[in-house]
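Chains R and C, in that order, give the protein sequences. Residue 556 in the working numbering is what sits at position 47 of the first sequence, and the numbering runs on without skipping anything. Residue 553 in the working numbering is what sits at position 44 of the second sequence, and the numbering runs on without skipping anything.
Simulated from the structure, these hints should not be mistaken for laboratory data. Note that this is a predicted model, so its numbers are computed, not measured. Don't take each hint at face value.
Same chains, same label: a pair holds when it works inside one copy or across any pair of copies.
Using 35 angstroms as the maximum straight-line C-alpha spacing, the simulated DSBU-like pairs for lysine-lysine come out as follows [claimed, not checked]:
1. 840 with 681
2. 600 with 569
3. 899 with 600
4. 569 with 840
5. 600 with 845
6. 569 with 843
7. 704 with 906
8. 843 with 716
9. 899 with 569
10. 716 with 906
11. 648 with 909
12. 848 with 746
13. 569 with 848
14. 681 with 845
15. 924 with 569
16. 722 with 845
17. 903 with 660
18. 769 with 909
19. 704 with 669
20. 914 with 840
21. 924 with 845
22. 648 with 914
23. 669 with 681
24. 848 with 648
25. 648 with 840
26. 769 with 600
27. 669 with 787
There are 2 protein chains.
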Amino acid sequence: MQSYMNNIQKNNTFFELLHSEDRIRLGIIRNWLGQSLETPAFIPVATNASIRALDSISVKNLGINGIFVNTYHMHLSPGEEVVSELGGLHKFMNYEGVIFTDSGGFQAFSLGQAIIDGVGKIASVFSKEGKRRNKDQQKLAEITDDYIVFKSHIDGRIIKLTPEMSIQIQQKLGSDIMMVLDECTSPLASYEYCKNSMERSCRWALKCYNFFKENNIPNQYLYGIIQGGHYYDLRMKSTEFICSLDFDGIAVGGSLGTSKENIAEILSWIVDYLPQDKPRHLLGIGSIPEIFVAIEHGMDTFDCIIPTRYARTGTVFVLDSPNFVRDITSKYYKNKESKRYDLPIDENCQCYTCRNYSVSYLNHLFYVGEICVMTLLTIHNLHFYNTLLKNIRKSIKENKYFEFKQLFLNRMIEKLE
Amino acid sequence: MQSYMNNIQKNNTFFELLHSEDRIRLGIIRNWLGQSLETPAFIPVATNASIRALDSISVKNLGINGIFVNTYHMHLSPGEEVVSELGGLHKFMNYEGVIFTDSGGFQAFSLGQAIIDGVGKIASVFSKEGKRRNKDQQKLAEITDDYIVFKSHIDGRIIKLTPEMSIQIQQKLGSDIMMVLDECTSPLASYEYCKNSMERSCRWALKCYNFFKENNIPNQYLYGIIQGGHYYDLRMKSTEFICSLDFDGIAVGGSLGTSKENIAEILSWIVDYLPQDKPRHLLGIGSIPEIFVAIEHGMDTFDCIIPTRYARTGTVFVLDSPNFVRDITSKYYKNKESKRYDLPIDENCQCYTCRNYSVSYLNHLFYVGEICVMTLLTIHNLHFYNTLLKNIRKSIKENKYFEFKQLFLNRMIEKLE
């Protein structure tokens with residue numbers, strides 16, 4: 510009955526699956542405003558309702574049709590009431606595209622156990638130092654069976670977050686896609702911890718689901734989240750439970766191990782049990798190799814800070830370098846010692862930055878601390894990711910995905926258009 | 510002979526005086542690339558070959574046709590050789606407009622006596638604390654009769670700057686308008702100090718002039734600088750000497766006192782002795798009232814960090830507020846306590862920021878430290894300054910300057926178009 514009510518209030522074409530073969534999917538997500546997002550798509554992170562160093566119109570002009578906003582951060586500033594008064598996130602930030610919000614649960618990890626363990630999704634995968642425990646650090650989040658308690662990283666005030674509150678906040682934020690409250694476990698967490706946490710996340714998912722259905726929330730869609738760390742039986746139980754509820758989409762979260770092989774393994778356990786007709790989001794992924802893994806395991810969208818954070822440290826994505834990155838802050842790029850100094854980051858790249866500025870100039874701006882370089886490099890990196898995904902979608906359409914992947918990963922693609 | 514050589518190599522229409530009445534002038538400056546700048550014009554400061562928080566194309570798109578680059582900073586990074594290898598400042602920063610460079614002399618003050626005196630051009634005029642001596646601070650610049658010695662604020666290396674070197678560096682930077690090496694005196698400097706300094710600045714101006722003429726530098730123009738602090742006889746002697754040489758333009762520098770009345774007085778001493786057919790630049794000015802003073806005293810261009818620096822602290826220019834500024838970082842602008850929260854900074858403003866974002870959103874971005882707000886506010890402030898100057902030029906053309914000024918300063922103008 511409730512489900513029927515929801516269906517007629519909602520756009521029936523929230524997700525359209527256009528193609529599916531060998532687990533690889535093509536689809537379209539549409540929000541109630543009629544704005545659409547072709548999948549598979551990379552969703553950049555706009556923590557504070559702003560992709561760092563870029564304004565919303567510039568983001569849209571890059572062809573980016575989906576972004577990922579952090580509920581916990583928005584709750585702290587400006588608060589969901591302010592966003593709601595201003596007409597919700599779309600109006601508040603003036604962004605015309607599909608807006609995802611997380612639940613705040615990830616911060617229970619990133620401000621909690623991650624501080625103690627000295628890990629984070631990014632840290633655990635990319636840190637050269639590897640994992641390190643750091644017991645002197647103080648947690649800013651604690652988890653109980655009924656809620657998460659945060660100590661605000663802005664003003665120190667104490668915030669309790671229940672599953673129902675998380676949905677209420679996301680409802681006021683007016684995102685298109687909401688997530689249930691869950692806990693993202695540390696890659697160092699024991700089986701016992703992950704089991705308890707997964708069971709709690711399932712209970713919280715049900716609470717969120719019920720609250721969402723009872724309140725008949727229109728124009729917004731809710732994803733359940735599969736947890737269970739890197740333990741087969743936990744992932745399977747979580748998958749079974751989450752898929753038993755009529756969520757609008759399914760997300761996969763939590764620790765996915767420390768390599769793309771780990772991610773592939775975990776996704777391969779569960780992918781064939783996910784409903785075909787619902788969109789699937791992989792949380793906090795990823796690097797370029799991880800994106801291929803996600804797509805081959807049936808994921809439709811994935812969010813990550815990599816392209817934007819890398820940009821702010823001077824690391825740019827290029828086609829012709831190992832790991833597809835180049836650090837343009839090196840003195841080498843300053844002058845004619847480098848053959849590239851008077852060329853753009855990538856001669857074949859059609860982004861605003863590459864059409865207008867040389868590596869030497871960008872190197873100089875970085876050296877002297879001019880913040881406009883962060884904007885310019887963010888534009889380049891997001892253009893790279895977005896164009897890569899466009900090329901991947903095209904290759905899927907043309908039944909040439911594996912061919913494209915082979916050429917791309919072997920650096921035999923000269924140009925992404 | 511040399512002068513003749515120079516004339517034929519150069520664009521004869523470097524400066525065209527279109528109109529002059531009651532000392533108020535209208536003109537056009539054209540560089541050798543054919544890029545033109547209508548005067549009177551405000552010239553924003555691009556210290557490191559970048560207007561802070563904006564890239565060059567965005568600057569040009571704002572209709573800004575002249576910028577002011579600091580030679581000392583460019584000498585430190587990336588160095589004039591690198592800029593020269595890349596084809597000069599226009600190519601290096603990809604800016605199509607008239608580029609001014611200073612001589613490095615201002616940094617002899619700002620990194621020298623200004624540190625000891627706790628003053629600067631901005632500090633002395635705007636600081637609420639007023640002037641304060643700060644003897645514990647260490648100078649990073651010392652001046653001798655023959656050169657300035659700097660200790661680099663980046664890496665501590667020692668740099669000697671002679672008049673000839675300053676011209677050589679500016680030549681390699683490839684700016685359109687170069688300045689002679691001078692000393693900008695502190696507003697606290699004694700008559701004796703100002704006299705010696707002015708005489709040295711005159712000797713240096715001659716050295717720069719001779720070096721410039723002997724080296725037959727094409728496509729670039731050199732301005733002499735009038736110094737002399739707030740002392741009548743020193744300003745007159747400096748004016749006489751600088752105007753006796755065939756510079757391409759005349760700049761007025763140094764301490765101009767602490768109020769717009771002081772500036773008016775100093776300019777009124779000298780303006781009628783300046784050659785009519787040469788462009789005149791007022792260094793380091795200014796606030797909005799100062800701009801009117803400058804224009805009424807025959808100045809054509811003036812550079813200042815005010816609109817850009819104010820933007821980065823959250824202070825925006827508006828038509829309906831005392832001093833024409835509003836601090837949008839106040840909590841008041843966060844939500845509906847303020848009537849303005851869901852409106853742009855200025856409803857009548859046509860800038861990119863006002864067309865797209867509300868005060869509440871900008872306030873939020875500032876509060877959470879998202880750097881894109883600096884870009885957005887810089888766009889607004891530069892649009893305000895640039896549109897104001899456009900309106901002033903129009904009023905001069907239509908013989909309505911004083912009428913416009915009266916309405917504007919009494920906040921009776923609702924819209925700048």
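The hints, checked one at a time:
In this assembly of identical chains, the alpha carbons of residue 840 and residue 681 lie at most 35 angstroms apart only when taken from different copies (21 angstroms versus 48 angstroms within one copy). For the homomeric pair residue 600 and residue 569, the shortest alpha-carbon distances inside one copy (14 angstroms) and between copies (29 angstroms) are both at most 35 angstroms. Proximity of residue 899 and residue 600 under a CA criterion of 35 angstroms is satisfied in both settings, with 27 angstroms inside one chain copy and 32 angstroms between copies. Taking the closest pair of Cα atoms, residue 569 and residue 840 come within 35 angstroms of each other both inside a single copy (33 angstroms) and across two copies (29 angstroms).
For a Cα distance limit of 35 angstroms, the shortest separation of residue 600 from residue 845 across copies, 15 angstroms, qualifies, whereas the shortest one inside one copy, 47 angstroms, does not. Both within a single protomer and between protomers do residue 569 and residue 843 lie at most 35 angstroms apart by alpha-carbon distance, with minima of 32 angstroms and 25 angstroms respectively. For the identical chains of this complex, residue 704 and residue 906 are neighbours neither inside a copy (40 angstroms) nor across copies (78 angstroms), given an alpha-carbon limit of 35 angstroms. Within a single copy, residue 843 and residue 716 get their C-alpha atoms only as close as 56 angstroms, which misses the 35 angstroms cut-off; across copies the closest is 32 angstroms, which meets it.
In the homo-oligomer, the alpha carbons of residue 899 and residue 569 lie at most 35 angstroms apart both inside one protomer (15 angstroms) and across protomers (31 angstroms), since each shortest distance falls under that limit. Proximity of residue 716 to residue 906 under the C-alpha cut-off of 35 angstroms is found in neither arrangement, the shortest distances being 39 angstroms within a copy and 70 angstroms between copies. Proximity of residue 648 to residue 909 under the C-alpha cut-off of 35 angstroms is found in neither arrangement, the shortest distances being 48 angstroms within a copy and 65 angstroms between copies. In the homo-oligomer, the alpha carbons of residue 848 and residue 746 never lie at most 35 angstroms apart, since the shortest distance is 55 angstroms inside one protomer and 52 angstroms across protomers.
For the homomeric pair residue 569 and residue 848, the shortest alpha-carbon distances inside one copy (34 angstroms) and between copies (29 angstroms) are both at most 35 angstroms. Taking the shortest Cα distances, residue 681 and residue 845 sit within 35 angstroms of each other only across copies (16 angstroms), while inside one copy they are farther apart (54 angstroms). Both within a single protomer and between protomers do residue 924 and residue 569 lie at most 35 angstroms apart by alpha-carbon distance, with minima of 22 angstroms and 29 angstroms respectively. With identical chains, the CA atoms of residue 722 and residue 845 are at most 35 angstroms apart between copies only, with a shortest distance of 31 angstroms across copies and 63 angstroms within one.
Taking the closest pair of Cα atoms, residue 903 and residue 660 never come within 35 angstroms of each other, the shortest separation being 46 angstroms inside a single copy and 56 angstroms across copies. For the homomeric pair residue 769 and residue 909, the shortest alpha-carbon distance inside one copy (22 angstroms) is at most 35 angstroms, but the shortest distance between copies (70 angstroms) is not. Proximity of residue 704 and residue 669 under a CA criterion of 35 angstroms is satisfied intra-copy only: 23 angstroms inside one chain copy versus 69 angstroms between copies. Within a single copy, residue 914 and residue 840 get their C-alpha atoms as close as 33 angstroms, which meets the 35 angstroms cut-off; across copies the closest is 50 angstroms, which misses it.
Proximity of residue 924 to residue 845 under the C-alpha cut-off of 35 angstroms is restricted to the intra-copy arrangement: shortest distance 25 angstroms within a copy versus 49 angstroms between copies. For the identical chains of this complex, residue 648 and residue 914 are neighbours neither inside a copy (41 angstroms) nor across copies (59 angstroms), given an alpha-carbon limit of 35 angstroms. In the homo-oligomer, the alpha carbons of residue 669 and residue 681 lie at most 35 angstroms apart inside one protomer (17 angstroms), although the nearest pairing across protomers, at 61 angstroms, exceeds that limit. Taking identical chains as interchangeable, the C-alpha atoms of residue 848 and residue 648 are never at most 35 angstroms apart, the minima being 48 angstroms within one chain and 39 angstroms between chains.
Proximity of residue 648 to residue 840 under the C-alpha cut-off of 35 angstroms is restricted to the inter-copy arrangement: shortest distance 28 angstroms between copies versus 38 angstroms within a copy. When the C-alpha separation of residue 769 and residue 600 is checked against a cutoff of 35 angstroms, the pair qualifies neither within a copy, at 37 angstroms, nor between copies, at 43 angstroms. Taking CA atoms no more than 35 angstroms apart as the test, residue 669 paired with residue 787 passes inside one copy only; the shortest distance there is 31 angstroms, against 69 angstroms between copies.
Comparing the model with each numbered hint stated earlier shows that hints 7, 10, 11, 12, 17, 22, 24 and 26 do not hold.
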